[in-house]
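In order, the protein sequence lines correspond to chains A and B. Take the first sequence: its letter number 29 is residue 29 in the working numbering, and every next letter is one higher. Heads up, the working numbering is the position in the second sequence plus 1000, with the first residue counted as 1.
Any given hint could turn out to be false.
Chain A stretches covered by chain B per the calculated footprint, using a threshold of three residues with CB under 8 angstroms from any CB of chain B [unchecked claim]: (1) 5-17; (2) 219-226; (3) 241-248; (4) 303-315.
Just so you know, these hints were derived from the structure itself, not from any lab. The structure presented is a predicted model; accordingly, all values stated were derived computationally and were not measured. Glycine included, every Cβ here is placed at the ideal spot set by N, Cα and C.
Here's the letter readout for the chains.
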Amino acid sequence: MSKILEVKNLETSFFTHLGEVKAVRNISWDLKKGGILGIVGESGSGKSVSSLSIMRLVESPGRIKNGQILFDGLDLTQLTEKEMQDFRGSEISMIFQDPMTSLNPVFSIQNQMIEVIRRHMHITEEKAREEASEIKDDKKREAVLELIAQGITRSYNKDEAIARAIEYLTLVGIPEPESRIKQYPFEFSGGMRQRALIAMALSCEPKLLIADEPTTALDVTIQAQILNLLKGIQKELSTSIIFITHDLGVIAEVCDDVVVMYGGMVMEKGSVNDIFYNPQHPYTRGLHQSIPKDIVGQKERLVPIDGSPPDLLNPPKGCPFSPRCKYAMEICLEKPAPAYKISETQVSACWLQDKDAPDVDGFKKSGGDDK
Amino acid sequence: MIDYNQEPLLRVENLKKHFVIKKSFTGIPRRTVHAVDGISFEIYPGETFGLVGESGCGKSTTGRTIIDLYANTSGEVFFDGTLISAGSDEFRINLRKLHKEYKTELKKLPKEDEQGREQLVEKFELLLDEEKERLHDAMEKQSKAVRKPRDIQMIFQDPYASLNPRMTVSEIVAEGIRTHKLLFGADVSERVYQLLERVGLKREHASRYPHEFSGGQRQRIGIARALAVDPKLIICDEPISALDVSIQAQVVNMLEDLQKELGLTYLFIAHDLSMVKYISDRIGVMYLGKMMEIAESDPLYEKPLHPYTKSLLSSIPLPDPKANKKAKRIILEGDVPSPINPKPGCRFAARCQYAKEECFQTDPEIEEVLPGRFVSCLRVREINDLK
Chain A
1 MSKILEVKNL ETSFFTHLGE VKAVRNISWD LKKGGILGIV GESGSGKSVS SLSIMRLVES
61 PGRIKNGQIL FDGLDLTQLT EKEMQDFRGS EISMIFQDPM TSLNPVFSIQ NQMIEVIRRH
121 MHITEEKARE EASEIKDDKK REAVLELIAQ GITRSYNKDE AIARAIEYLT LVGIPEPESR
181 IKQYPFEFSG GMRQRALIAM ALSCEPKLLI ADEPTTALDV TIQAQILNLL KGIQKELSTS
241 IIFITHDLGV IAEVCDDVVV MYGGMVMEKG SVNDIFYNPQ HPYTRGLHQS IPKDIVGQKE
301 RLVPIDGSPP DLLNPPKGCP FSPRCKYAME ICLEKPAPAY KISETQVSAC WLQDKDAPDV
361 DGFKKSGGDD K
Chain B
1001 MIDYNQEPLL RVENLKKHFV IKKSFTGIPR RTVHAVDGIS FEIYPGETFG LVGESGCGKS
1061 TTGRTIIDLY ANTSGEVFFD GTLISAGSDE FRINLRKLHK EYKTELKKLP KEDEQGREQL
1121 VEKFELLLDE EKERLHDAME KQSKAVRKPR DIQMIFQDPY ASLNPRMTVS EIVAEGIRTH
1181 KLLFGADVSE RVYQLLERVG LKREHASRYP HEFSGGQRQR IGIARALAVD PKLIICDEPI
1241 SALDVSIQAQ VVNMLEDLQK ELGLTYLFIA HDLSMVKYIS DRIGVMYLGK MMEIAESDPL
1301 YEKPLHPYTK SLLSSIPLPD PKANKKAKRI ILEGDVPSPI NPKPGCRFAA RCQYAKEECF
1361 QTDPEIEEVL PGRFVSCLRV REINDLK
């Protein structure tokens, strides 16, 4: 399967008065076309900043220091702001954690939805030709036809945009979309707002949807509705999705591939089965042990990860997880580990995977670097 | 194991908490949020009782009403057999409503109808007397209630908002000790050090301010503050939901150790269903101010009986991809209805797949369906093939 997005050696930092906060430090991963990639990590692990970097929405004092973001082969880091605006909303769209703060309270849902549609959507060539044939003035008609031949058609007008918005509100399961579309965000419940945002994000048929903790602010029953909806959309419209969350349960429910982040770096990546049934990085294992495993059955005591997440102003010199890792060796404190290839799908960045490392607790060895 | 035959440590009887958001000119409530609407449960010594439900179901309000942070609208709370909180507001409002009804009825009657008037006066005098009697009883109970602030302590959800930023850690932890005059002088700081070490902090942390700590450490300070006055019951109001996954396990393990060591009893309020299952002995499931089901945690998760519990538990995504594929999810339609002036009948009826005509008419009482399992549903026996 071809790749829709490739992130290569991405580094994003915030240059604050206190010093450089390295939020994302040299991460690489890719997303298959039509796949769902989960990024899991705790607060401050850089998962949100990496997605904002893809959208080029990192605000000053932050900026992308280094690396490439290849979207269908095109490097997004090289685009100008103006070119990027054509991408946002039409090719890549994003939904955020808190559906109340990401909608503007003083505009109706309709107003906010058609803004995106009118900015990005153009009518089909067929329809444009039909319209052009009705133009009486020969000169004008010819000019329009020439533009059509170049592939430029007029953008949606208000009525067309509203019709499209209603179509997408129906798709995400909002009852009576014709009347609800005129309402304001405060008249929607949390789940409804998130649905409206998803509709807005999908309305221009993006190839990639970035969902940044879309269900964290919602209740479990509503979360189940939204996850179901996103899975349905991925099947129906074959949109690729990046799903950012801290909830391993949600990852297991929706994702095909998983990237585990910690302290701004990728700790482990692999298919969902690799990460859940054969985790090779001590941090991934730690995460699994610190949540209750079985809903039903024997109660096993939780094994917490001692200590607290690293300070990104002064990150540890070596592996960011080394101060909390019970397997930490001398080299872990000195140098961050390279990405070791475990299998075709799985990559783990831990010195334990080195061929010279001691054998402990069933951590696998790798033949060489992932390169 | 917990002995369920002994005297419960905390007994909540028909507890109600209503928030009036709009009053008429005469002071009669027009719009009332029925945050907690008549719930009863018991917590036994040494037990962890979990309270779960979606946002707005009244689980936090229950905790806050028990500890008297909110005035009780009606119902009683007993701690160790003593009445600690009682409410009379509901009867007062009822009396006013009745009085108004009396006046409007009286106005409707023509002035010539002397006999009718006499009958009406007689009827309402009787009703009013009864209502006054009830109010009187409730007020008397209220006056007898003895608060026990030392025995019940609380841990709050947001470790950033629940600590005073202008106080040092030692001032925060020692405040309760000083208020209750438990220790004096140098003993206080010695006790503070002891408590800090008990919750996994260091002595030198005592002189620092809350902003110098991470979320997990702040929650530890909150726990030390709660422990300072030797409580018997701790109400944990979503103590872990603001924390990172790896830190959550640290706090949960510590709460468990403290319980074993000090013989504490917990009321654990949370919306993370798998964590609640992990920590609780028994669980109460709330929906829109009503208790839907109470059961021991294992049987509850293995076979939920109430239709709401069924769908709630089925919507938890498990950290296990293969199990998720097999799992049958019961996805509820729509949202939780508003708790303002709720309709009669079962609160869950509008979203329930088993709802029948009668569910919209009659409010089900909570009853013991199987030993130790309390369910409030009219059709529970039918749905689950029970006798």
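For a quick check of understanding: which of the numbered hints are violated here, in increasing order?
When the structure is compared with the hints, only number 1 turns out to be violated.
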